[in-house]
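Novice: One-letter residues, chain by chain:
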Amino acid sequence: MSIYMMKQETAEAKAVVVDDMFLTTDMPTTAGSKMLEGYNSLFEAEVLTRLKNAGYAVAGKTKVGEFGVDLLGETCYFGAEYEGESLQYPAALAVKNGDGKAAVVLDVNGAPRRGAAQSGLVALKPTYGRVSRYGTIPVACSGETVSVIANNGTDCREVFCAMAGHDSKDGTSLPESMTEQGKAAVNKRNKVAVLSSMLKGVNEEVQAKIAAAAEQLSKNGVEVVTIDAQTVAYAGAAWNILMSAELCNNVSRYDGVKYGYRTKNYTNIDELYTNSRTEAFGDFLKSAILFGSETLSTENYSKVYDKAMRVRRVIRDDMAAMLADCDALLMPAVSTLSYDRTLVERDKYLPYKENFFTAPASITGFPVVVAGGVQLVGNAFSEELLLDLAELV
Amino acid sequence: MKYETVIGLEVHVELATESKIFCSCSAHSFGAEPNSHVCPACCGMPGMLPVVNRRVVDFGMKAGMMLNCDINRVTTFDKKSYYYPDLPGAYQTTQWFAPVAVNGRVDIETSAGKKSVRIKQIHMEEDAGKLVHDISEGTTHVDFNRTSVPLIEIVSQPDLSSAEEVEAYLVRLRTLLRYAKVAECEMAHGTMRCDVNLSVRPAGSDVLGVRTEMKNMNSIEAIKRAIEFETARHIDALENGTEVLVQETRRWDDAKGKSYAMRNKETAGDYRYFPDPNVMPVVIDDAWYEAIQNSVPEFPEVKREKYIALGLTEYDAERISESIMLCECFEEASEACGNPKEVVNWITSDVMRILNAKKMTYEMLNLDNQALGKLISLTGDGKISRANSKKILSAMFDDRSIDPEAYAEANDMLIGEQNDDMILDVVKKVIEADPKSVNDFKNGKEKALMALFGKCMKELKGNCDPQQLKVILLECING
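Protein sequence lines correspond, in order, to chains A and B.
Take the first sequence: its position 376, counting from 1, is numbered 376 in my numbering, and each next residue is one higher.
Take the second sequence: its position 343, counting from 1, is numbered 343 in my numbering, and each next residue is one higher.
Among the hints, a few may not be true.
To be verified - As a list, the in silico EDC-like pairs of lysine to aspartate or glutamate whose alpha-carbon atoms are at most 16 Å apart:
| id | chain 1 | residue 1 | chain 2 | residue 2 |
| --- | --- | --- | --- | --- |
| 1 | A | K258 | B | D86 |
| 2 | B | K374 | B | E322 |
| 3 | A | K258 | B | D143 |
| 4 | A | K14 | A | E158 |
| 5 | B | K391 | B | E363 |
| 6 | A | K219 | A | E44 |
| 7 | B | K391 | B | D403 |
| 8 | B | K224 | B | E10 |
| 9 | B | K80 | A | E294 |
The hints are simulated quantities; they were obtained by calculation from the structure and are not laboratory data.
On a predicted model such as this, the values are computed, not experimentally measured, just so you know.
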């Protein structure tokens, strides 16, 4: 199977691809899972409606890892994409192939940012609440954000602008007044901070990317400082807990009763549930469900889940304080620029480890731009500023 | 040994909002075709996001105020996870961490005296769907009409100690919530449901005994029977060691008059509550709080005292203040006609008789109360006969828009000034046609007058003031 669910002929300039986390009415939406194989939605995602209204056409859908929580799609029931032995992110491949001027993707656990970083593309994950999540497959709703991958910042900006704005169908969508206020409060400091605590465990190639980005910024007159922000390094651990807990709850609805995969092997309701889920969910997803379920148990709630929520608040406050003084926090998006097949197949915890880098923006809801293989995380509503900085790296 | 029963109640009440709690589907599907009031949101389909129905919060707050609760000015929604086919998302959105109302009080009165029952909290949540079992086919069907219909759960402290107190508490809750017009509270419709937590301990002890929870009771009478059975079972276990009491959930079988332990599977489980990230905390600002506070009605006792002061008997004042609909009818009609005593007579006779005949509850009363006041005035002024006024009232029950005066005029029921001549003509005709009755009356047979009177009335189609007719009739007979 190719990277597409379906491909339509479209006028190239206005074509976008979307990943398989977006509900579409003219093709199935599977979230990369056998559970939703052939699932046809009754309604489409709000962002697709907005893109169509803005003159875009959806050229096709790209594959995702099962419910979008893996590294780069390696857990997709319909097959992973490798180039040689190197794991590839399907949406990034589509953009590189020129199948659309951008890929619209749901950033649940950083996969789009890893994909963009490794492919040398630009990705924008906007401020949480600026783009409607109505009609996206819900996984980790407190952090997942509709994002864009494109060849350059200009295309990212254009597609983002076509999608953004208040949506009354999404209770977490920000009112226009708040967005206007937030944008007005963004002050350009001409200063970027490298977070030294986030350089842990990255290889030389990635270190070189960070150094190159810092140098480019300096050359263009941006002051580059280094901050040792210890709390941010706990974002990955906290996000693993919150994401898994929400995932566990959100995928509970797939029980074989109403839609999706139903086992043939049952004699009562308990077997219907258990066997449908056992047969349709992949191993990585199952481990995430079990982990998430544990974090929410009565026994663990306050010492695990609630603590992660508190950590989230601390990190958000700390990052906001840092961002009061500079335009962006510069940090890696990945530990390596290529995931080798043997590593992916051997280390089942790799997605949890890699979101050490992507979780700070996921857990805080702050916007982030990936460019030149690195991440620039900014304060809420600073998308424009981040995209400007991205031009420099 | 003497024992005392300790009872706490969890009462679920369906809120009477137009639409469901998180989507725009109609919340009123009692008796409707299965799955005719559903959308992707309340069917738990992926991609739909909950948007809180503000009316639900209005009603939740108002219920809290009726029960003397403190209102949480920031109230949040949480997810409660469990698997059941009638729960399409496999979670129920409820309020676990910051319920809308806390620390309330409901005052009751029984033969044991007055008592305050403390309310622990009131939380808002969504209802589940229904399973329909087809025994002949051996299949089960799911109906999602009821999913996401808004509920409040009213949790009391274990302050109740008898079936009588429980009844008084439930009746009081029902009255107050109906007064606030936030809920129907009809157990037979499932719009009020009750779980009973019960334990027994030696009288005077301050240690609670083993608690059991009883579900599945659909009338106050069934609840009373269940409490009596369960109390006896607990005492028997404590006194005679007939069984070892365990903390469990039991199902009440009203037909058999017994409670049964539910299968462990139905009750076991960890609900894994956590804040719903898709529902932002609801912040109740001063303006919102005050608007709801201003809509809280006077309590039944206050109304009753007011009515007694207006000259109503205690009995009538009690009857009217039983229902907010009767109160409104009484107050508005009295204001329109200026004669409260006459209004109460009409309500307790004609209005209640028609309600009864139509099998309507007080809560279903949908009269234009001002029009009723006008009808009472017109009748009192002799413009409409008493007999015709009943017919008009009946019509007003069916059509709220009827203006009694216009209706009477259109249907030849209005008694005009010029009618004396017309009555005289009719009376003369009747007397001429029935000289026997005239003679009988003259010879002392009182009944003969009534026969003549009836004939005249019939001829006039009831369209005249009876007093006036009687005077004219007597004048004619006596020459």
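Novice: Against each hint, give a clear statement of whether it holds in the structure.
Specialist: These are the hints, each one checked on the structure:
no. : hint            : verdict
1   : A:K258 - B:D86  : holds (10 Å)
2   : B:K374 - B:E322 : violated (24 Å)
3   : A:K258 - B:D143 : holds (11 Å)
4   : A:K14 - A:E158  : holds (11 Å)
5   : B:K391 - B:E363 : violated (22 Å)
6   : A:K219 - A:E44  : violated (45 Å)
7   : B:K391 - B:D403 : holds (13 Å)
8   : B:K224 - B:E10  : holds (15 Å)
9   : B:K80 - A:E294  : holds (14 Å)
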